[in-house]
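Trainee: The hints should help you fit chain C onto chain S, whose structure is shown.
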Amino acid sequence: MGYSFPEEVLEHVFSFISLHTDRNAVSLVCKSWYEIERWCRRRIFIGNCYAVSPGIVIRRFPEVRSVELKGKPHFADFNLVPDGWGGYFYPWICEMARAYPWLEEIRLKRMVITDESLELISKSFKNFKVLVLSSCEGFSIDGLAAIAANCRNLRELDLRESEVEDLSGHWLSHFPDSCTSLQSLNMSCLLSEVSFSALVRLIARSPNLKTLRLNRAVPLEKLSTLLHRAPQLVELGTGAYSAEIRQDLLSNLTEAFAKCKELEGLSGFWDVVPFYLPAFYSVCSRLTSLNLSYATIQSPDVTKIITQCPNLQRLSVLDYIEDTGLDALSLSCKELRELRVFPSDPFVADANVALTEQGLVSVSEGCSKLQSVLYFCRQMSNSALTTIAKNRPNLTCFRLCILEPRAPDYQTLEPLDHGFGAIVDHCKQLQRLSLSGLLTDRVFEYIGNRAKKLEMLSIAFAGDSDLGLHFVLSGCESLRKLEIRDCPFGDKALLANVSKLETMRSLWMSSCSVSLGACKWLSQKMPRLNVEVIDEQGDLDSRPDSCHVEKLYVYRTVAGPRLDMPSFVRTMNQNPAYRR
Amino acid sequence: MDPIPSEPKPHNQDLNLKATELRLGLPGSESPERNINNNIGIKILVSGAKRGFSDTINNNNNISSGTWGFKNSSCVKDCEGSFGKNGGFLAESNNNNKNPCSAVKDSGVKASSPKHANNHPEVPAAASKAQVVGWPPIRSFRKNSMAAKNTKNEDDLNAETGSCVYVKVSMDGAPYLRKVDLKMYSSYLDLSSALEKMFSSFTLGQHGTHGSSESPLMDLLKGSEYVLTYEDKDGDLMLVGDVPWDMFTGSCKRMRIMKSSDAIGLAPRVMEKCKTRN
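Protein chains in written order, with my numbering: chain S, 956 to 1535; chain C, 50 to 327.
Next up, chain S with everything else stripped away, as it sits in the complex (with noise of 0.2 Å):
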């Protein structure tokens, strides 16, 4: 059977095809698109990196420039995975280093990377250009040093939110006086001082500069010299923002800012003086994104920002936004796409605040572009978030946290079950839900029968019994990730939908009753799921299978039971003998 086009023209083709999904689809049109697709491919991502193995990934796709990995389940993120369980890079990169030498992007989120490991990789990759790692952990300065010294031509270095161990921090000046390639550099995370010196002279030669996200130990006094090096910044994130009252230091600041014709986004303010706000006035009508969650600035300065803001896309602020101030925003900002308001006190029960669901309520009319929403209150009603679904329906994420674990609907005392049930309902394209508050079986009926573009849900401390959980794994067609705590789940919807975990990413289930005996049961009869159990208690050779497990973690893989796992993580039915 021949076909019209000749390799190359198809190769051609395909190179206008980006998106992993359609590559994929197009790998499986027939085996000589599969072929002419692996050669070709050049950007892999891997959302979770126990589901294949390096070296299956080299074998099929050997001419690749960009990796993305995800290690850690969601969860990690709230300390609910223990240290140690795994999600290390190493192993990639040893053989990565050797079988992909053009090798020019590495994006990784929630794995543990080490000093040793950010060395090969400035050793092993001549062309090597951008390091993004997203909530990882486990190396250090020094590790950032090597990066620094050997990746000539190095365009982006992203540590969002990463731990790095902070030893003795002077890093910079290890960036030769010859590289002068650096776009984005986002440091934010470091806790200990740089180097300043080093870092102007890097800023300054550094004309291609678009995004810098300095540390909090940057002194705002510091910030305008930074800023007159580099006037075509697109994204700055401050350091803190805070200094002694001094008029001078006010002008000089706001001239710096003014100069910045070009900034569009803004981020950092930690420890904000109201005093030197308006120092950035002059760019709040460029800008597009505003992340304020770590300002803890009161409502009459947050409204005062966001109102000067008309073509604001995206906005992250504390609660002392406040409800006045979300009607501000619902009023200024109708390009408004994504919204998150995050607890200032959320360890204490009362309100500090006056932040009520009326705030996400007026958002939610005012803003007609409004796709994605997290936010954090103590009260929610039914009402509320009938209103809100019927308001925006083309929500596309939804996560709203009620800090009260199992709080009802504060004016009718009953669950939230119809509130939700009227999001899935109107929100047709949502993709990714996070429930909270009192909430029985109904809404993951709700859930189960209308919410069918859902890929990822989250929930907490809701359901009554399995049937609950059987709503979810038999009705959401689309559903890749689902994580579970504390809920009173086990193990009869579980293995009533056991081929639907294989169409799915990953479960997470902690502190809900499913059994040892239905985890075992589970691994057996599908072999192409690691089913792993983390308990701390440090004894599950001698325990019955009745006993129910502290977390389980179920995901499909190909590449067989893993063997980095601590003494704490077992793979159920685990046969060392699997295909690799």
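Possibly wrong hints are sitting among the right ones.
What the hints assert, rightly or not - Label pairs and their computed distance ranges (CB to CB):
1. Asp283/C to Pro1499/S: 29 to 39 Å
2. Tyr989/S to Leu286/C: 58 to 68 Å
3. Ser219/C to Thr1251/S: 25 to 35 Å
4. Thr1180/S to Leu286/C: 43 to 53 Å
As the list claims (entries may be wrong) - Per the computed footprint, the stretches of chain S lying under chain C, defined by three or more beta-carbons under 8 Å from a beta-carbon of chain C, are:
5. 1024-1036
6. 1294-1302
7. 1347-1361
No lab work stands behind these hints, which were simulated from the structure alone. Values in this document were obtained by computation on a predicted structure and should not be read as measured data. Glycine included, every Cβ here is placed at the ideal spot set by N, Cα and C.
Mentor: Positioned in the frame of chain S, the structure of chain C alone reads:
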């Protein structure tokens, strides 16, 4: 010894200073009678130390939730203490706290009546807000940023922020660090039992099962091969147990279980600390 400054101070600051006084007797000898069956094992014999971690545990008033179950929260019945009750490491604790499961601690931050009708059996009708691991879902970086902000208030050293602070705990020779949230524990007793659980898997490998096999970590510490130290806000290396618990949680940046041979010369610098603070 230097006298304590005599100007009037808020109540709890008084206690702090008293507790950090160097005295001839064992600290806390005013505290209620010790449990006779006490088998606290950590004796840290480092030259120069007047007190060890173990003595602090013995005499600490805050013998609260020694029961620390990591069982699932849907089990309403009491969590069993997972530590040996007899011949084990902990003193018998009074079960005066409710024991909700899923690692809930009664933080006693602010007393408030629950706003909502909380008739769900699993949620304790707590007068104060109970802290649950990983809830609300906020990343450590944000929590630590908020905590760091709170401690910047100079006149606010003993402020109850109610936030949580994650510190790293490393052990010489262990392949990876652990992180603990100091606010989850109410006493040195609590903390030491948690650490025992975390690090026992490392020490088992090295030392087999001599001594009481229930607590190999404690055996190790009993044999004074290791000491528990921490780095405080000023960057100084201190012995865990030297300062009152609240001062410790406010100033500890990270902990390290280190070999005694490396810890020689670590004398309590407690009085110095108190002087500079005041």
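Trainee: A separate judgement is required for each hint: does it hold in the structure or not?
Mentor: Going through the hints against the structure:
| no. | hint | result |
| --- | --- | --- |
| 1 | Asp283/C to Pro1499/S: 29 to 39 Å | violated (51 Å) |
| 2 | Tyr989/S to Leu286/C: 58 to 68 Å | holds (59 Å) |
| 3 | Ser219/C to Thr1251/S: 25 to 35 Å | holds (32 Å) |
| 4 | Thr1180/S to Leu286/C: 43 to 53 Å | violated (36 Å) |
| 5 | 1024-1036 | holds (count 5) |
| 6 | 1294-1302 | holds (count 6) |
| 7 | 1347-1361 | holds (count 5) |
Of the numbered hints listed earlier, those contradicted by the structure are 1 and 4.
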